[in-house]
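Please build the complex by placing chain B on the supplied structure of chain A, with the hints as guidance.
So the protein sequences, as listed, match chains A and B. To convert a position in the first sequence, counted from 1, into the working numbering, add 1. To convert a position in the second sequence, counted from 1, into the working numbering, add 950.
Don't take each hint at face value.
As the list claims (entries may be wrong) - When the alpha-carbon atoms are kept at most 20 angstroms apart in a straight line, the in silico SDA-like pairs for lysine to any residue are as follows:
1. A:K194 - B:K1190
2. A:K194 - B:Q1218
3. A:K196 - B:P1220
4. A:K60 - B:E1186
5. A:K284 - A:E232
6. B:K1190 - A:H185
Calculated directly from the structure, the hints in this document are not laboratory data.
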Amino acid sequence: MIKAIIIDDEPLARLIVREYLQAYPEITVVQECGDGFEGIKAIQQHHPDLLFLDIQMPKINGFEMLELVEEPPAVIFTTAFDEYAIRAFETHAVDYLLKPFNKQRFDKAIRKWLDQHALAQAAAVRTATNPPAAENPPVSPNPGPMDAPRLTTETGSASEPVRNSRENTRVLLDTAGYSPLQQHRVVVKTGGKIKIIPVEDIHYLEASDDYVKIHTHNGAFLKNKTMSYFEKVLDAAQFVRTHRSYILNVQQVTRIDPYEKDGHLCILQSGAQVPVSKAGYVKLKAVLGL
Amino acid sequence: MLLLGFGLNPGTALTDSLVTNALLALACSFISNNLQYYLPKNERYWYILFVSLGLSGLILLASKGILVPLLGAKTGDNNYALFFSRSWPVRFDIIFLQMGCMTILSVLWYSSEEEQQNLQRRADAERLSREAELTKLRQQFAPHFLFNSLNSISALVGRQPEEARKMIQQLSDFLRGNLRRDDQQWVLLSVELQYLELYLAIEKVRFGHRLSTVIDHDLPSLDMRLPPMLLQPIVENAIKFGLYDTTEPVTISISARAEDHFVRITVQNPFDPETSRPTKGTGFGLSSIQRRLYLLFARADLLETRIEGCLFTTTVKIPQLSIPYTTNADNKISLTNNNDL
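Next comes chain A alone, as it looks inside the complex (with noise of 0.2 angstroms):
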């Protein structure tokens, strides 16, 4: 059985996919979500194999509420967005449906994904059996009606489509924080409640491990994102990369005071301190037009 959740915040739109799936019988919708809050919890009960994900819903879109999902399974994105908004993401995820889509459009998303699936699956088997040389022909765990055949002609070039769906979704997040959408707040999740940050009240980031510590005044976060990704991200005229393990918000610094041989530091309002290196001293007299 396939399990697929549909996350939609208009219940039309979701009635529509679910009619387009009853021509798919190993395809199961085990949730109806109308917004982010509900598809993270359905997808932490369930763990889909599938998700239909609108953008634009209430407080969350849809790809914030991807990066909040440990795991996230691959996705056909429905939504209504023009083909010019979405065109940077439409090589990684498995697929996007432009409302209003017809049955024709929608078969075609579903035929693909479930190739890259069944691919996927094959792959999975194949390296928990025999390891590398073998050369068993993949199979099918889920013979659906149209993707036998076309499963044969395409695993020639098997190792590429394995690691697609989900992989995918990883690199579709980092493109999509590139968005207007996103460059205003930051989506995070603390003790299982999910806090959306407006950047403006972001004091500093801080490096950790794998994370990155977003600290505002009501506390610290953390986001598993990269320095550099919010470096990108985030507007350059307001966050300053000072140093290797930090990015501050300009707005928030009341004094530069220098600090051991060719360093300094920044004293923020709430009364941190953050490191300034030499090359991001230069950056942030830049920004502040000293």
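Here is chain B on its own, set in the frame of chain A:
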């Protein structure tokens, strides 16, 4: 007349003055014609001076060339030639003064004319660009709305074809209304509210039970007028804020009240103060409304936003321009053309 005093006989004096004045008039018309097509720039007035001086000299020479042989031959003596050679500095001065006056007058006249044309042109350009901007501001309605509505219709077609047909009708009416509007005609609030209800009905189909609306108005406000497509983006903005900033059911309230020379329209929507900063940027919808109001009324104080707890309130006041001039006979005209103000 002056020449008589120098002891010349009337015939000679008359001929002299006629010829001189004719030449002067010729030169003046030449200069003023020239200036009509070529106005010197500010720094180049010395050029006019030189032209005047040169022309004065030419006139003097020409009048000498005509008058001395003519009158000298008539009277048969040297008196006139003598008189002319004595009087030439005075003649030159007078001629030059007249030329100068003429030149200055023409310069003033033509430059003021040019100034007026410039003003006219600038006003035209401003009016055109304002019209273009207004058109653009009006037309920026969300394609999202259209595509999502079509998607809803697509979903309804299978199970509830009657509902689908109804929604297609509503959507068509709405789009038709959107196309038909132009800034030349202000609309009655009652008409605008009907149109708004059409829009809200479509949104309610899209969002189901999550969206409810309350519209209330007093009677006199229904007869008041407002520019078309001004209210709708405000409501659109409220819906966007309300629906996308909370996950709970949302109520949008719209109220209209008549006041002295104004109709005051208030739109209220819930929002989450934790995550949104509606005060900072007024959001796309509202900043374009602000701009439009400014273009229409040259006032920046007609749109106000207020935050009380979790409620975001947008208030817009539309001046009723015809009311202060009710005694005026062209009241009707000012009512339909008040977008020119």
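Query raised in the report: Any of the earlier hints contradicted here, and which numbers?
Result: 1 and 2
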